[in-house]
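**Q** Numbered by the numbering used here, the letters in the sequence shown go through residues 14 to 121 in order.
Everything labelled a hint here was simulated from the structure, so no lab data went into it. Among the hints, a few may not be true.
Below are the EDC-like pairs computed for lysine to aspartate or glutamate, each with C-alpha atoms no more than 20 Å apart in a straight line [to be verified]:
#, residue 1, residue 2
1, K32, D79
2, K66, E29
3, K110, E57
4, K110, E62
5, K96, D27
6, K96, D34
7, K66, E99
8, K110, E58
9, K96, E44
10, K96, E29
11, K32, E99
12, K104, E58
13, K104, E57
14, K66, D27
15, K66, D23
16, K96, D23
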Amino acid sequence: MGAATIAVTDATFDAEVRKSDIPVVVDFWAEWCGPCRQIGPALEELATEYAGKVKIVKINVDENPDSPAQLGVRGIPALFLFKNGEVVSNKVGAAPKAALATWIQSAI
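Construct the entire structure; sequences and hints are all you get.
**A** Here is the structure:
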């Protein structure tokens, strides 16, 4: 875990994500997921670049099964973008940093 992204749990999901004043990208991931680890560094960089404008959080699906179940997450990595407490966009699978940045930009 880098310092730029924030680790959330089922217990802190509502407070960190749904009640956030700024848009939030949620990365559903797991230790055993290769593609999840692939996009990790890009998300850390984007979290720094978007600091104060967009919050990027990570939730480990093995340790926190409720939040992904509520959102119907089937495969990981799964990225969900929340704005004003609602999902405005989602994306499944790894993507290069530029593609992730474009996706975030288009949704905010």
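**Q** Each hint needs a verdict: does it hold in this structure or not?
**A** Going down the list of hints, with the structure as the test:
no.	hint	verdict
1	K32 / D79	18 Å, holds
2	K66 / E29	14 Å, holds
3	K110 / E57	10 Å, holds
4	K110 / E62	12 Å, holds
5	K96 / D27	13 Å, holds
6	K96 / D34	8 Å, holds
7	K66 / E99	17 Å, holds
8	K110 / E58	9 Å, holds
9	K96 / E44	27 Å, violated
10	K96 / E29	12 Å, holds
11	K32 / E99	10 Å, holds
12	K104 / E58	18 Å, holds
13	K104 / E57	17 Å, holds
14	K66 / D27	19 Å, holds
15	K66 / D23	23 Å, violated
16	K96 / D23	18 Å, holds
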